[in-house]
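Colleague: Each chain is listed here by its residues.
2 protein chains.
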Amino acid sequence: MITGKNYIGKDASAKGNKILKAYDPTDNSVFPEEFVAATSEEVDQAVAKAHGAFNAYKAISYEKRAQFLETIADEIMNLGDALLERASGESGLPVGRFQGERGRTCNQLKMFAGVLRDGSWLDVNIDTAIPDRQPIPKVDLRKMQIPIGPVAVFGASNFPLAFSTAGGDTASALAAGNPVIVKGHEAHLGTNDMVTQAVLRAIEKCDMPDGVFSMVNGGIETGQQLVRHPKIKAVGFTGSLRGGRAIFDLANQRPEPIPVYAEMGSTNPSFLMPEKLAADPEGLATTFANSVALGVGQFCTSPGLLIGIQSSALDQFVETLSGALAEKDSVTMLNSKIAKSYYDHRGIAVEQTGVQVLGDAKDPGENKGKPLTAKVDGESFLNNPQLHEEIFGPFTMVVACKDMSEMLAIANALQGQLTGTLVATESDIKAYPEIANALTNKVGRLLFNGVPTGVEVCHSMQHGGPYPASTDQRTTSVGTAAISRFVRPISYQSWPDSLLPDALKNSNPLGLWRVVNGELTKKELMDQ
Amino acid sequence: MITGKNYIGKDASAKGNKILKAYDPTDNSVFPEEFVAATSEEVDQAVAKAHGAFNAYKAISYEKRAQFLETIADEIMNLGDALLERASGESGLPVGRFQGERGRTCNQLKMFAGVLRDGSWLDVNIDTAIPDRQPIPKVDLRKMQIPIGPVAVFGASNFPLAFSTAGGDTASALAAGNPVIVKGHEAHLGTNDMVTQAVLRAIEKCDMPDGVFSMVNGGIETGQQLVRHPKIKAVGFTGSLRGGRAIFDLANQRPEPIPVYAEMGSTNPSFLMPEKLAADPEGLATTFANSVALGVGQFCTSPGLLIGIQSSALDQFVETLSGALAEKDSVTMLNSKIAKSYYDHRGIAVEQTGVQVLGDAKDPGENKGKPLTAKVDGESFLNNPQLHEEIFGPFTMVVACKDMSEMLAIANALQGQLTGTLVATESDIKAYPEIANALTNKVGRLLFNGVPTGVEVCHSMQHGGPYPASTDQRTTSVGTAAISRFVRPISYQSWPDSLLPDALKNSNPLGLWRVVNGELTKKELMDQ
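Those sequence lines, one after another, are chains A and B. For what it's worth, the working numbering labels the leading residue of the first sequence as 1, then goes sequentially. For what it's worth, the working numbering labels the leading residue of the second sequence as 1, then goes sequentially.
Derived by calculation from the structure, the hints in this document are not laboratory data. For glycine and all other residues, C-beta sits at the position ideal for the given N, C-alpha and C.
Simulated coverage check for chain A against chain B, where a stretch passes if three residues somewhere in it have a Cβ under 8 Å from a Cβ of chain B:
(1) 117-131
(2) 141-152
(3) 452-461
Here are the simulated DSS-like cross-link-like pairs (lysine-lysine), alpha carbons at most 27 Å apart as the crow flies:
(4) B:Lys430 <-> A:Lys505
(5) B:Lys110 <-> A:Lys138
(6) A:Lys64 <-> B:Lys430
(7) A:Lys522 <-> B:Lys523
(8) B:Lys505 <-> A:Lys522
(9) B:Lys523 <-> A:Lys523
(10) A:Lys110 <-> B:Lys138
(11) A:Lys58 <-> B:Lys430
(12) B:Lys505 <-> B:Lys522
(13) A:Lys430 <-> B:Lys64
With the C-beta cut set under 10 Å, the calculated list includes, among others, these residues of chain A facing chain B:
(14) Lys233
(15) Arg254
(16) Gly464
(17) Pro468
(18) Thr471
(19) Val487
(20) Leu520
With the rest of the complex left out, here is chain A (with noise of 0.2 Å):
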């Protein structure tokens, strides 16, 4: 079933001799198959097919592009039981986390079919003509979003299925009309030729043109290249804050610079008020202890940092919550290199200045993570930018702070982050307004107690945030809203009502809520 090939277009394509292998992390074993790195040739082809697919993709309907998308939610659940061991075995994640995971990515993709449905993303706006206008008439304007062009992909290891190949990058960028190229994810290979091969089941199903949706296997310089090619006009990537701003700056250095949406985690810091602390941080403790081990803190909104105020409740919580990290099972990671570099992180952050190891920082071998809890004084904090960087895995730091303006003043020196959290009472939010007022200036996502893991996927979710939470801060990976990544604005002036979109004609054919003349309406314009 797996090929190891990779897809320009509907072709499997195997013409390099670099060959990949898959590993399973629990063990380090490999998997039989050879996946074959594609040729430069071969990435040039599939922004070839991709750009020659555009034209004819963003002119099939709403409605047909709907029922693709719902066609690869379809022929991914058709891969069955082997799309769930096959990621389970390629990131340590248990096979029942695939089950959600898989749910969220069909449903991600179902929702978009809703937003082609709703049409509200096209966001049209109608200003009708008044030709006897003085000193000079108006004319007769008519906005509308539109797609953007060949759109590449670079998948999570993280979310081998909701935040890859066919996960919310792609889905979104499907949705708006863009024909898509995913570079395969070295960490999960088997999982991406599993569903590159759904996808493509679901293109031949939908008729759908040829290149609307290619996969290359490759590493560092395949990524490069997709990046480079002046006919890719964006990038989704979620990643690492370094494989983000290296997309990013390459991206900005083409002769036409392109959008990068990299989503590149954060720290998400949860800020222990008073009040709140106070009733219960054993209570608290437990639930961050649980939210820090969640999936081997192997979230991007993992709580890396805990704020609080020096006393005895925060020692109390401190305690409890170090205990409870220290009976934690180690499980297996994602893969050898993000176990390596959680240790080499989470060592780098242990031996500096102030910070207090609480629990066993061994390294326990084969790829297993160790959850840990560490505590440092606010002021060592503030000191210390290294402090301010996220580690990813299930690692915590407690801040304790000698007093509310200190706290303030980390809130205000913090980098973007994806999330921030208010542990408090309500009282607690009057009393000190100026924590969560400095907190909206650097998160995507304001929490009212609760913890930052577990993204609903729906209209009102915002996952980006401040650099380096994201390098575009105005938009989001999750959530109805991503499809605005992929689009941009374009006015029609004067045009005749039958040469118009559909989109923009007077008998508003779709039913959209349009903005004409200023108005908000479903009712379709006179002739003019």
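Guided by the hints, dock chain B onto chain A, whose structure is given.
Modeller: What follows is chain B alone, placed relative to chain A:
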């Protein structure tokens, strides 16, 4: 009235010793005032004040912000004829032109006041909680747009009012809730000084926080310091490709990259389709001649490329066009730099292979722009990227294609454009749909007949386009949507109703259109 000083918030400041002078381009005479370039320390102070004012300013109600914008417009009107005369004196443009441009500037400010009252720019999405959802509860999420922080604005020489000190960038950034620092344009120092004082009077009258607006005079280094400053969060720019790209590159090389909204002009190709051209070549030529010569061609939407099929109708069009442009007077351009650049770039263009000059290519001297027509065959145009570049001034080039397939090749080979025009009958569009289709991939605004000059300020305007027309094709610098450049989304998760911003409260106190659980509504929510 003109002080020549910088304004660090409300404080006039002139600590530097570098003096700038204002010039009258009609005779290169010098205005008496001395303008003092800001020192590096003063620039830092302006940014520190802007940063300090941010939290206070963003907390001010939308209604008060709207009144502030309206008061700026009032104060600009209060400058009276002195402003129009100064703007005319510094730009060579007639006083009458500034009556119109002042009206547009004030209307833009008032339009954004209306945007603030309407509130649709907040883009509110609410998904309510489902506590008993299986397998995990659904949390309450509410998303809205918030301001991003201090914005640096670089004005344009060709619109000393509407795209400068209190122009569209400043108006939209202030509307969104961001402090603004203007780098005063060196080509209209006095105009900038007067408008700055008008803005400061509005700040005083409306009791806005000190630092919400600053203005610094200076050269390239002053601009670079602003763009590099870690507390500047976005840049608005209108001007040349070279200037815009330099700012874009600088902003993306920062440790924390920031968005740059640079509108950098365009050749604005017009496609003369066969049936339409044959019907009235002379009438069309006269219309285009007037558009090319309008404002001495100093518009980013000036029609610089006219593309037709070789025919007797095209010959007649070219003859009438070149004759009409030859008869136009030489008119003073904005400044000596722009006049020199016009003749330099035009000189390079007309020396290219295949280019034929139709008229008198002499420079009449004294900063005067003389209109000129050139003609080139399609093949020479296709093979020479130099001919695809914008020439700022009253110059246009007719591209004579051998057939429709060459015309299509040209449509596909063009750079990104602010506008594209189809000079066509409906039958032309139906007979050759590929041309319009190719242009949709290249332009921000697509006209059916008419001329591209004239940019309506409204909801449906798209003024921006694929690179190099602008650095961010997803946005517009004209019209209500310009506000979206200076905001970003934030999601509030599980917040008590009483602590939410008004826009997100159950009772919908601002009376906004909101997407609630996927449905667009103005209704209030039942308490959860």
